[in-house]
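Asks: Based on the hints, put chain B in the right spot on chain A.
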Amino acid sequence: MTTARTDLDAPLQGLIDARLDAIDRVLLRAGVSRGERCSIVEEVETQVYEILARRTEGEPARADVLAVLASLDPPEAYAPEGYRDRLARRDEEDRPRVPQPCLLAVGSAAGGVLILLLSLVLGYLLAGDGGELALLLGALVLLPGLAGVTTGGVLAIRRIRHSGGWLFGLPVALFAALLFPLLMLNGLLIAAVVLFQEIGLIAAAGLALVAANGYLVYHAWKAVSAGYRRATPATEGR
Amino acid sequence: MPLWITQFRKGLVELCVLATLRDGEAYGYQIVERLGRAAGLEITESTVYPLLARLARERLVSLRTAPSPAGPPRRYYRLTDAGRRRLDDMGRHWRQLEGSVNHLLNGGKS
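Note that the protein sequences, when read in sequence, are chains A and B. Using the working numbering, the letters of the first sequence correspond one by one to residues 56 to 293. Using the working numbering, the letters of the second sequence correspond one by one to residues 8 to 117.
Simulated from the structure, these hints should not be mistaken for lab results. Every value quoted in this text rests on a predicted model; they were computed, and no experiment measured them. Idealized CB from N, CA, C, for every residue including glycine. Any given hint could be a false lead.
[Stated by the list, open to error] Beta-carbon label-pair distances, calculated as ranges: (1) A:S126 with B:A73: 21 to 27 angstroms; (2) B:F15 with A:A132: 38 to 44 angstroms; (3) B:Q14 with A:R117: 36 to 42 angstroms; (4) A:R139 with B:A45: 23 to 29 angstroms; (5) A:R139 with B:D88: 47 to 53 angstroms; (6) B:R29 with A:R109: 21 to 27 angstroms; (7) B:L112 with A:A116: 48 to 54 angstroms; (8) A:R110 with B:R102: 35 to 41 angstroms; (9) A:R117 with B:D88: 45 to 51 angstroms; (10) B:P80 with A:G282: 50 to 56 angstroms; (11) A:L158 with B:Q14: 36 to 42 angstroms.
[What the hints assert, rightly or not] Derived coverage of chain B by chain A (criterion: at least 3 residues anywhere in the stretch with Cβ under 8 angstroms from a Cβ of chain A; other residues may be distant): (12) 24 to 30; (13) 33 to 41; (14) 47 to 53.
Only chain A is shown next, with the shape it has when bound in the complex:
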C-alpha cells in the first residue's frame, strides 16, 4: 500500500514500508475493508515520521528508524479481537500431531504381543490337553493383527510424508511397518540355520542376522525420512 513519500533514503523507507505492508496484510486477512486499511496504515506512517522528526535533527539514521519501529505495536496487534481469538484457535487445531494409522499400528502391535503372550501361556498350561489348539488359535488371531500393524505402519508413513511436516511419529510408523516382515525374515533364517545344528554356523548366522537387520532398518529409515522436516505451529505459508 502506498502513502505519501518523503525524502528518506530508499533502504530506510523500505524498512518502514515493510512494517506498513505487514500491518496491511494482517488487516487484509482479518477482512478489514480497503478504506479502513488505508486509513490505519497512513496513520501509522504519519506516526513514524512524527516520532522520527522529534528524535533526530537532520537525516535519520538506520538505527533511528529501527528504534522507532521497535517502539510501535506489532502488526498482529492491529487485528480485530475476534479475529485474534479465531487465529489462536486455528493454531491450536493445526498443532502437529501423530496420524491415526500410526496410533492404530501401535495399538495393533500391543494387542498382537498380548495375544501372543496369552496363547503361549495357555499353550504351556494346557500342554498335551488342548494346548496346541490354544497356540493355533493364538497364531490365527496374531497373523491378521501383525498384517494390520504392517498396513497401519505403511499408511502412517505415507500420510506423515505427505503432511508437509504437520504429522509426526515417523520412527514409530517405520517400526510398525518393519516389525512383521523382519520377524518373518528372521524366523525363516533362524529355522534354516537351526536345521544344520552346527555351533560355529549358528554363531556366524546370528551375527549376520544382527547386521542384516541393522542394515535393513538403517536404509529403510533413510528412505522414509528423506526430505521430511517436522513443522512448528509458527510455520507460515502453509
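Replies: Below, chain B alone, put in the same frame as chain A:
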C-alpha cells in the same frame, strides 16, 4: 497485562477517544499521545487507529488532511453532531455507572 484489565478497559476506549476530541480537532498521533499520558488507560496506536477508522465510517467523526512538517500529511479528526451526541450519551452513562460502582465499593453507603 492481566486479561481482566484488558476486558475492563475495552468498553471505555471509544468513550476516551471521543472525549479527546471534545474541545476540538486533533490528528491521529496526537490522540494516541493524549491517551497514552492518561494513567491506567495505556491505549496504544493499534487500538486507536482502527477505532478512528470505524468512527469515521459511522460518521461520528469527520476528517480533513493537512500538510505536516514531519512527513506525510496529518489527518485531523473532529466530532460530528452525531459524534457529540454519542459522547454526551456515553458520558452520562459512564457517570451513572461510576456512581453505582462507587456506591457498591463503599459497601452500599452513600
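Asks: Against the structure, test the hints numbered earlier, and report the numbers of the ones violated in rising order.
Replies: 2, 5, 12
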